[in-house]
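Trainee: Chains U and W supply the protein sequences, listed in that same order. Count along the first sequence starting at 1, add 1, and that's the number in the working numbering. Count along the second sequence starting at 1, add 240, and that's the number in the working numbering.
Rather than coming from a laboratory, the hints here were simulated on the basis of the structure. By construction, the Cβ of each residue, glycine as well, lies at the ideal position given by its N, Cα and C atoms. Misleading hints may appear alongside valid ones.
Computed footprint of chain W on chain U, listed as stretches where at least three residues anywhere in the stretch have a Cβ under 8 Å from a Cβ of chain W [claimed, not checked]:
#1 45-59
#2 173-180
#3 197-203
Beyond 12 Å from chain U on every Cβ pair, some chain W residues (computed) [what the hints assert, rightly or not]:
#4 Val256
#5 Ser257
#6 Gly342
#7 Asp433
#8 Glu484
#9 Thr639
#10 Ile653
#11 Gly669
#12 Ser701
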Amino acid sequence: MTHSFSGSKRFAAKFVLCLVAGAFAAAPASPGNLPDKMEKPNGFPERPMTMLVPYGPGGGSGQLSRAMAEAVTEVTGAALNLEYKPGGSGTVGMKSYMAAPADGYSVMEHIDDATSAHALKAKNPNPAEVFVPLVTAQITFSQIYIRGNETRFTDWDSYVKYVKSKKGRSTIANVSKAGSMERVNLKFITDHFGMKMQQISFDKGGPRYAALKGGQVDALFEQPGDVRGFLDSGDFKPILTIYKTRPAAFKDVPAMNDVGLTFEPLLRFRGFYVHKDAPADRVKWLKWAFQKAWHQPSFQSFNKKKFMDAIDSFRDTEGSVKLINDTAAIYRKAYKSMGLVK
Amino acid sequence: MEHFIAGTLTLFSNPVSILIFTGGLLGGMVFGAIPGVSMLTLAAILLPFTGNLSATDGIMLFSVLYCSGVFGGAITAILFNIPGAPENAPTCFDGYPMTQKGMAGKAVGAAVLCSAFGGTCSALLMMFATAPIANWAISAFGPPEIFALVFFGLAVAASVGSGDLWKGWLSVLLGLMIAMVGIDPVGGLERFDFGVAYLLAGIHFIPTILGFFAVSEVFIQMEKRAKGTTEAPKVNLDFPTFAEFWKLKLAVARSVVIGFFCGILPGIGATLAAFMGYNEAVRWSKDKTKFGKGELEGVVSSETANNAATGAAMIPLLALGLPGGALTAMMVGVFQMHEMEPGPLVFVNSGDLIWVVFAAMFFANICIFFLGWLQTKTVVHMLRIPFHFLAPAILMMATVGAYAVRGLVVDVIVMFTAGLIAFFLRRSGYSVAGIVLGLILGKVGEQTFAQAMQMLQYDFSGFLDRPIGLALILGGVATIAMGAWRSFVPKPQPEPVTAVSD
Chain U
2 MTHSFSGSKR
12 FAAKFVLCLV
22 AGAFAAAPAS
32 PGNLPDKMEK
42 PNGFPERPMT
52 MLVPYGPGGG
62 SGQLSRAMAE
72 AVTEVTGAAL
82 NLEYKPGGSG
92 TVGMKSYMAA
102 PADGYSVMEH
112 IDDATSAHAL
122 KAKNPNPAEV
132 FVPLVTAQIT
142 FSQIYIRGNE
152 TRFTDWDSYV
162 KYVKSKKGRS
172 TIANVSKAGS
182 MERVNLKFIT
192 DHFGMKMQQI
202 SFDKGGPRYA
212 ALKGGQVDAL
222 FEQPGDVRGF
232 LDSGDFKPIL
242 TIYKTRPAAF
252 KDVPAMNDVG
262 LTFEPLLRFR
272 GFYVHKDAPA
282 DRVKWLKWAF
292 QKAWHQPSFQ
302 SFNKKKFMDA
312 IDSFRDTEGS
322 VKLINDTAAI
332 YRKAYKSMGL
342 VK
Chain W
241 MEHFIAGTLT
251 LFSNPVSILI
261 FTGGLLGGMV
271 FGAIPGVSML
281 TLAAILLPFT
291 GNLSATDGIM
301 LFSVLYCSGV
311 FGGAITAILF
321 NIPGAPENAP
331 TCFDGYPMTQ
341 KGMAGKAVGA
351 AVLCSAFGGT
361 CSALLMMFAT
371 APIANWAISA
381 FGPPEIFALV
391 FFGLAVAASV
401 GSGDLWKGWL
411 SVLLGLMIAM
421 VGIDPVGGLE
431 RFDFGVAYLL
441 AGIHFIPTIL
451 GFFAVSEVFI
461 QMEKRAKGTT
471 EAPKVNLDFP
481 TFAEFWKLKL
491 AVARSVVIGF
501 FCGILPGIGA
511 TLAAFMGYNE
521 AVRWSKDKTK
531 FGKGELEGVV
541 SSETANNAAT
551 GAAMIPLLAL
561 GLPGGALTAM
571 MVGVFQMHEM
581 EPGPLVFVNS
591 GDLIWVVFAA
601 MFFANICIFF
611 LGWLQTKTVV
621 HMLRIPFHFL
631 APAILMMATV
641 GAYAVRGLVV
651 DVIVMFTAGL
661 IAFFLRRSGY
671 SVAGIVLGLI
681 LGKVGEQTFA
691 QAMQMLQYDF
701 SGFLDRPIGL
711 ALILGGVATI
721 AMGAWRSFVP
731 KPQPEPVTAV
741 SD
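Let the sequences and hints guide you as you build the complete structure.
Mentor: Quick look at the structure:
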């Protein structure tokens, strides 16, 4: 009994220690941890830097990159020119960036698509290995939305009943390319509830949101920051948050734990990278500049508007590497179960 | 009406707003006229600076830029066969042949009048029925209907500018094949990239258009000079007469409706509007053979439609928060910089802003008429520049334009390859216009077809439950059948005149 008690105590102590360590690992580095100023390494940068964005200027990556570039300039006074190279789901931009000189003058924005692409095909580079993550600036969960005035179903339970009754004819709009974050998350959800549904892929936001608003599809899989306007106007209503627990901003919406979903949710994340072979002193300075910029009030205000304060949205270099590798492992496991990889 | 007056007063009572309005108008015209370096380039440059403007001025600047930028590209399309922007590509089909016939003034004049007219009609419709139209459009038009619309458009594409129907269809099919290069838009599969990663982004239609029209034209003119058969285009400043316009009233009205309609649908926009407007002009014409050879109706149809799409594209953006194209997506960024989200709440929370935008777009289109008239009287004189000066400038502008689209060298290679291919195709009866139509409509068509099939459970009979889609599909099938019938059934030969002996 004593032994058992002592064992429990030890277990409890370990558990608390793990929680504390985990909390520290996940907690955003406070601006206090970063020096206010850092001397430019041998005058670097002497000219404007280039931020390569592998997507168009109007989308989430374009907006984030502009906000980050402005914040970096606020912190350092150094100018960043944005160069958009859209196409091929970010592949073309990454290929272009890899061909650029590794001198620290060019940095790249990329999203979790690079991680899933690597997990799907080993020939695609692992962003945590070929680049140095400067900062992960946005991390967000996904939700399932229905129309605000929908009457056939009004919450998650009635939606599940409706989808089952339609026997595979119910539709949901998303970016359902093979192996996409959306498709993998939805596979786990539909498998758990024994649902079959038709996933309609829209690669652009406008037509995707129009499909739900106009009644062309029954539901939408999306991240809250991208549909904020529709949420504020009441046009869209979230019925499930694909995150373990309920974030405070969506405290009335059931999360995974509430509906019995136990899989590890795949998150959307966007970050900034520099060549692994760039001079070490420049990489160190860039890490400081981008992480400091993340803490700038202007950037925080931008992220808040995008619901990027709902969960911890910051990872420093080590945190980003862990995030990328952990996510790649989840994808690999999912792809195996989906038969996409051996 | 009082809202419109209030919006107008707000716009013109503030010197800063007037300055921004004028800057947007002139900037759009200039950037729109430079191939490849379109209004989108200017918009991307200006975007970060709009944070320092008021929300009203920022949104107003982009909406004025949109109107004038779409018009600006028509000038180079008509004078040099170089569309300043993709939405001006169909203007080349008849605009440039008109220049070669010494009717440049007439073609540019028609483009000015029709752009202003189409844009003004669209702005007026936008003011009176934004919310109801937007809601109707997205409810009535899902992927099956948009695919049916594209099919309807493609059905007539084979008859545009080809020697015969079969060469026309082969041209369209080649365009559709080119559209399939890269990652497929629905399943994400990699296709026809031949191991070249840059091809995964697909063949962009802007470098292709620049190659097909501008580069091949330089090659053709070079050949003519080598053979000594070159003939300098005559410079003519005659505007089209009222009588000429009156004859085209139905074409103009049809293009206003088509342009407005295409503009409302998210993801369709001004480029498809211009092609659809041109296609319908061909479809409804009694003599289809006159198109592609310098027909005023061709210029009128495409330029009316592309400008009619500008006001319409603002409708889903403002009423529903749905951007339909790249420029409207950037406007979402302008809204967000000012802590606003476009959509129904904008009407409630920022009604003043909406009416300033409406007023700005209305007056921008009116200004296009007067500025365009001045532009016509001056810019047509560029035709007097000797070819040996003009050709390098055209190639340089086209190269910069092709590279500027995505910053990829592969786009420059695509442009020159397309130029070389078009140089041979244009003399063999194949239709360059058909290839471009196939390429542009193919990208939208493939995506919406796959989405439609998913929605309809891969059952074609699902179209029977969607009356709009069904009507468009049947219209397309009938057009193809009529075209085939005409090519199979020999035209009745005129009776031989027999000599009558006294």
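Trainee: Do at least three Cβ atoms from the segment 197-203 of chain U come closer than 8 Å to Cβ atoms of chain W?
Mentor: It holds: at least three residues are needed, and the segment 197-203 of chain U offers 5 whose Cβ sits within less than 8 Å of chain W.
Trainee: Taking the closest pair, is the beta carbon of isoleucine 653(W) still more than 12 Å from chain U?
Mentor: holds (14 Å)
Trainee: Determine whether the non-interface label on glycine 669(W) survives the test: each CB of chain U must be over 12 Å from its CB.
Mentor: Consistent with the label, glycine 669(W) stays out of reach of chain U, its closest Cβ about 33 Å off (over 12 Å).
Trainee: If we take the beta carbon of glycine 342(W), is the closest beta carbon in chain U still more than 12 Å away?
Mentor: Glycine 342(W) clear of chain U: closest Cβ-Cβ about 42 Å, beyond 12 Å.
Trainee: Go check the segment 45-59 of chain U versus chain W for me, would you? Three or more residues, Cβ under 8 Å, otherwise it fails.
Mentor: Since three or more residues must qualify, the claim that chain W covers the segment 45-59 of chain U holds, with 3 doing so at under 8 Å.
Trainee: A cut-off of 12 Å on Cβ-Cβ distance, and aspartate 433(W) was said to be off the interface with chain U. Does that hold?
Mentor: At about 9 Å from chain U, aspartate 433(W) fails to clear the 12 Å cut-off, so the statement is violated.
Trainee: Classify the label on glutamate 484(W) as holds or violated, using whether its beta-carbon is more than 12 Å from each beta-carbon of chain U.
Mentor: holds (39 Å)
Trainee: Say whether it holds or is violated: valine 256(W) keeps its Cβ farther than 12 Å from all Cβ of chain U.
Mentor: holds (22 Å)
Trainee: Three residues minimum, CB to CB under 8 Å: does the segment 173-180 of chain U make the cut for coverage by chain W? Let me know.
Mentor: Holds, because 4 residues of the segment 173-180 of chain U bring their Cβ atoms closer than 8 Å to Cβ atoms of chain W.
Trainee: Threonine 639(W): least C-beta distance to chain U exceeds 12 Å?
Mentor: holds (18 Å)
Trainee: Mind verifying the non-interface call on serine 257(W)? Its CB should be farther than 12 Å from each CB in chain U.
Mentor: holds (24 Å)
Trainee: According to the definition I'm using, a residue is off the interface if its beta carbon is farther than 12 Å from all beta carbons of the partner; does serine 701(W) meet that for chain U?
Mentor: Serine 701(W) clear of chain U: closest Cβ-Cβ about 14 Å, beyond 12 Å.
This entry does not satisfy hint 7, going by the numbered hints stated previously; all others are met.
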